Amino acid sequence: MNYDVIIIGSGIVGASIARELSKYKLRIAVLDKASELPSGASRANSSMIHGGFDDKPGSMKARLCVPGNKKWHKLKDELDVHLDECGSYVCAFNDEEIKHLELLLKQGKANGDPGIEIITGDELRKHEPNVSPEIVAALWSPDAAIINNFEAVNAMIESAKINGAELFLETEAISLLFDDRKNIRGVMTSKGEFKAPVVINAGGVHSGEISSWAGDKSFRIIPTKGEYILLDRSTKGLIHSFLFSCPSKAGKGITVLQTSEGNMMSGPTASEQEDPEDKTTTSEGLAEVIKGARRLVPKFPVNMSITTFAGVRANTDTGDFAISVLRTPRGFVNVAGIKSPGFTSAPAIAEYIVEAMREELSDRIKFEPNDKFIPERRNIPRFLYLSMDERKKLAKENSSYAQIVCRCETVTEGQVVEAIRRGARTITAVKMMTRAGTGRCQGGFCCPRVAEILSRELNIPLDEITRHGGKSKLLVGKTKEFLLEKYAKGAGQNV
Amino acid sequence: MSDSKKIDVLIIGAGPAGVAAGIGARKEGAERVVVLERDWDLGGILQQCIHPGFGLRTFKEELTGPEYMHRFIQQAYDAGVEFHTNTMVFQIDQDTNSVWTMNKERGIECLNPGAIVLTMGCRERPLGAIHIPGTRPAGIYTAGTARRFVNMEGYMPGKRAVILGSDNIGLIMARRMIWEGAEVEGVYEVRSWPGGLRQNIAQCLDDYGIPFHLKTTVTKIHGKDRLEGVTVAEVDDSMIPIKGTERFVECDTLLLAIGLIPENELSRMAGVEIHKVTGGPVVNDLLQTSNPAIFAAGNVVIVYDIVDNVSDEGLIAGVNAARYAMGKISADIKRIPVIGGENVQLFSPQYVTGETDTTIFMRVTHPIESACRVFAEPGIYSQRLRYARPGEMNEVKIKAEQIKALGELKEIMIDIQPL
Amino acid sequence: MSERKFICVSCPLGCGLTVTLDDNDNILKVEGNTCPRGESYARSEVKDPRRVFASTVRVRGGKLPVCPIRSKTPAPKGKLFEIARAVAELEIDAPVKIGQVLLHNVCGTDVDIVASRDLAAI
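Going down the list, the sequences are from chains A, B and C. According to the working numbering, the residues represented by the first sequence are 3 to 497, in order. According to the working numbering, the residues represented by the second sequence are 139 to 557, in order. According to the working numbering, the residues represented by the third sequence are 40 to 161, in order.
Bound-form chain A, shown alone (with noise of 0.2 Å):
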């Protein structure tokens, strides 16, 4: 297969720049080795889009963060996915937290992070009544928002398909491919290889072993875990916006936030690990988020936990985005290392990279514009949103929607039949599109049915059917064959 870009990852990254590459008249290729999107540090993270004031002047990090806020404050419309404007609090509970806060004023105002200011604790509660009397003062930056992380990268990689780019998903990077003059020719993948003059490490967590397949060890990758804990969407209202800690002795800085869909949720720690897959919760980590949400909150209803989960961030050890086109090999682009504010970030960094792509590899590929561009896209109907005559209507039209799935978002069968048609393979993927199982129940109802139609609309088995993929199968075979079978082994059992 012959491409002219390949883009290896599909975080919100990597899908960012599919879409920027999508504008002009390339062969893109896209790929990820999970089963559905967002799959690494892209679903698992703060859903957070940062004002900008958290970087030090100079940065690449504080170089692209702002830029990427105020084009999430476009794209929201252009790719109809849900952004809560809320803005963010740095929280301070004493003077040389205070003095914390004058120093990311500093850094925001550098930055360019606008209508930032700092207000008293007593300010801070005028909004977020629920937050600790103890806060004595609070960061206030309007422009920072919460954004649906789900739906932005499948809103993402969609936009960038609708214009011609490929994804291809279960298809995971094994080596690069040179040329006999050591510039790349492609990528060797689990299925087979994908050939390009131009290949860029859009890979995540994984990205310092793919930067280390061109040479290039600048930078070390140092896998870091957060984990999270999601609270049932009744807890809405309790606070309205993101809250920050500053990092001090007591902990790392946990945060409080209402996710774009009014979930209460709390994390993450950063603990440093070996292994970029280690996605596992532990009891000491879910004690610190208990523990840094209630200092933040002190009435963090635990008892209303729907979840817990773990992402793994790429730090580095430089402590800024990785983001080069590399002179050798000729045709390599790194943009490794991104961790927060990341997925702020992402679509300045897609901005920045191709242009610094169409400087130094037009020789490789030529960047003619795609004048069929088209920036827009809509997401799958949102049923629990949707006014009762638009409910009426959508109903009417197509009888699917009048069938819900999943009781606890609102989900219609019309969602998932839509989001498999998007290419929905999984019980997860259908929960990335649709939030089917994202509720309360975690899919207790939903996923049951969800299977039942996955298996109807792509005429597969139901014991077919994954969970996320791989061999994550839901069901091991059908009833009575299956004790047929061991009695056939001799397996016959007394009671």
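Do not rely on the hints blindly, as some may be mistaken.
To be verified - With a cut-off of at most 27 Å between alpha-carbon atoms, the simulated DSS-like pairs for lysine-lysine come out as follows: (1) A:K395 x B:K144; (2) B:K144 x A:K281; (3) C:K102 x A:K475; (4) A:K398 x B:K143; (5) B:K358 x A:K293; (6) B:K144 x A:K394; (7) A:K475 x B:K362; (8) B:K198 x C:K102; (9) A:K395 x B:K381; (10) B:K381 x A:K281; (11) B:K198 x C:K111; (12) A:K238 x B:K414; (13) A:K475 x B:K297; (14) B:K198 x C:K86.
Stated by the list, open to error - Here are a few chain C residues that sit away from chain B, every Cβ distance over 12 Å (derived from the structure): (15) E42; (16) T57; (17) D64; (18) E78; (19) S94; (20) G147; (21) R156.
Hint data in this document are derived by calculation from the structure and do not stem from the laboratory. Predicted model only: the values in this text are computed from it and were never measured. For every residue, glycine included, the Cβ atom is placed at its ideal position computed from N, Cα and C.
For chain A, the structure is supplied; the task is to place chains B and C on it using the hints.
Below, chains B and C without anything else, positioned relative to chain A:
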């Protein structure tokens, strides 16, 4: 459905409570009684409960879930109850009591009945409700989800199961898995007493030599794609895992039987007051909620131990909803609060009107394994018991005339204490 | 003389029963039961333990791929897995009526297997 005659009593959910409510409403004289069911089939969760053990009190014989419902559904049809399947209620408006339904053929409809009975039942507590560290592979199901796969779809969720929690549904599924040829490594219960009935421990676990571990829980989940095993550990009196007791158990399936929660999304939308402890609507002994036009019965109110009680309560709610729709329940009835004593975990109803004889159902917080007394003060009821266990409900019976005789009563206190 | 202890499974009470037997396994007395059902349960549990078997059977052309079944009467406890296998081998056609006998005298136990619900054809 909406264009034809006005609905007097609209019942949401055709499980045991809803079907009985339909019968009650028709027998009381309500003209048009409609039961809505979101599934294609009537009967609710009992259609999946294919084991025997239902209806001993009502029918004097042990029926399976589908058999029990079959009899009630027949009675309901005979009584002239109107059923609509594949019809889901997704919204109830607070001010108007308008009920919004959806159905593939009829689309979205709005109904305005004379009275509403909430009979949506309950749901299982999911894994997220208890923080178990580890991975999130396939193979972790609530026992009820697994039961649906096995009994309704004909598929096996796994070959070797561990069951966490000892609610009846978990015990029943242990035997069910064995009968389908799977292995059950053991049942683990974090508390020092079983969640389910002793009868079920005997006939579902002991009969098949399935180990039952009290004060033991799952402390870690292993496996990336499919479950590969769990770590189990004993816990101390504060339910904290004891270091050094951890043990790895190989399994491909973890079934959760860690409790049931009344399902009250619709009740909340309808603005009825929800009880903090039961998780269900606050009701008086007419099973009327804080919204006088809305009644509630069965596991949506409080999770019952046996289905006969659910049917009995459904009948009462149906009768009173019919009376309300016919203007026979006055707006200024008495509301004497019932207060639970120190060993009362939860109870229902929470108010007594004195309009009717009533039974207050309750569960104890801690088991009492010796002679004890269930009572209602002031001097309303007292009954000696041989024991009291959280897995089995206890009852306080109150006669309307007792309440009338007591005149102005501030509250009724119920409790169960050792003798 | 010997003693055997059971939990009565006749109803949700789950009484703890103690049966005293003589040296020839004749029942001398039953204690711990709170009703006559308990006594007869204890007697049968000693002499001929039985359980109701409940499972599903495969259905061709039904609204569901399986239909719940039960043993009409309690079946010998020692034969339950043999019965499970016999039921697993069976495949019936929809429609199914509740109470319909699907297997007569299953595994020579003199017990019938019946459908425990109505199941329409598609």
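Results of checking the hints against the structure:
Restraint check for K395 of chain A and K144 of chain B: the C-alpha separation of about 25 Å stays at or below 27 Å, so the hint holds. For the hint pairing K144 of chain B with K281 of chain A, the CA-to-CA distance comes to about 56 Å; that exceeds 27 Å, so the pair is violated. Proposed proximity of K102 of chain C and K475 of chain A is supported: the alpha carbons are some 25 Å apart, at most 27 Å. In summary, the hint linking K398 of chain A to K143 of chain B is supported, as the alpha carbons are separated by about 23 Å, within the 27 Å threshold.
Taking the CA atoms of K358 of chain B and K293 of chain A, the gap is about 21 Å. The hint holds against a cut of 27 Å. Pair hint K144 of chain B plus K394 of chain A holds up; C-alpha atoms about 22 Å apart against a cutoff of 27 Å. Only pairs whose Cα atoms come within 27 Å are accepted, and K475 of chain A paired with K362 of chain B is accepted, the gap being roughly 12 Å. The hinted pair formed by K198 of chain B and K102 of chain C fails the criterion: a straight-line CA distance of about 31 Å is larger than 27 Å.
Between the alpha carbons of K395 of chain A and K381 of chain B the distance comes to roughly 59 Å, so the proposed pair goes past 27 Å and is violated. Distance check on the hinted pair: K381 of chain B and K281 of chain A sit about 23 Å apart at the alpha-carbon level, within 27 Å; holds. Proximity of K198 of chain B to K111 of chain C is assessed by CA-CA distance (about 15 Å); at most 27 Å being required, the pair is judged to hold. As the CA atoms of K238 of chain A and K414 of chain B are separated by approximately 17 Å, the hinted pair is consistent with the 27 Å bound.
Of the pairs offered as hints, the one joining K475 of chain A and K297 of chain B holds, with about 13 Å between alpha carbons and a cut-off of 27 Å not exceeded. This hinted pair checks out: K198 of chain B and K86 of chain C have alpha carbons roughly 24 Å apart, not beyond 27 Å. Even its closest Cβ contact with chain B, about 17 Å, leaves E42 of chain C beyond 12 Å, as expected for a residue assigned away from the interface. Taking the minimum C-beta to C-beta distance to chain B, about 14 Å, the non-interface status of T57 of chain C holds against the 12 Å cut.
Annotated as non-interface, D64 of chain C keeps its C-beta farther than 12 Å from every C-beta of chain B; the closest such distance is 20 Å. With a cut of 12 Å on Cβ distances, E78 of chain C stays outside the contact zone with chain B, its closest approach being about 16 Å. Consistency note on S94 of chain C: stated as away from chain B, yet its beta-carbon is not over 12 Å from all of that chain's, at 6 Å minimum. For G147 of chain C, the shortest C-beta to C-beta distance to chain B comes to about 19 Å, beyond the 12 Å cut-off, and the non-interface label holds.
A beta-carbon of chain B is positioned within 12 Å of the beta-carbon of R156 of chain C; the least distance is around 4 Å.
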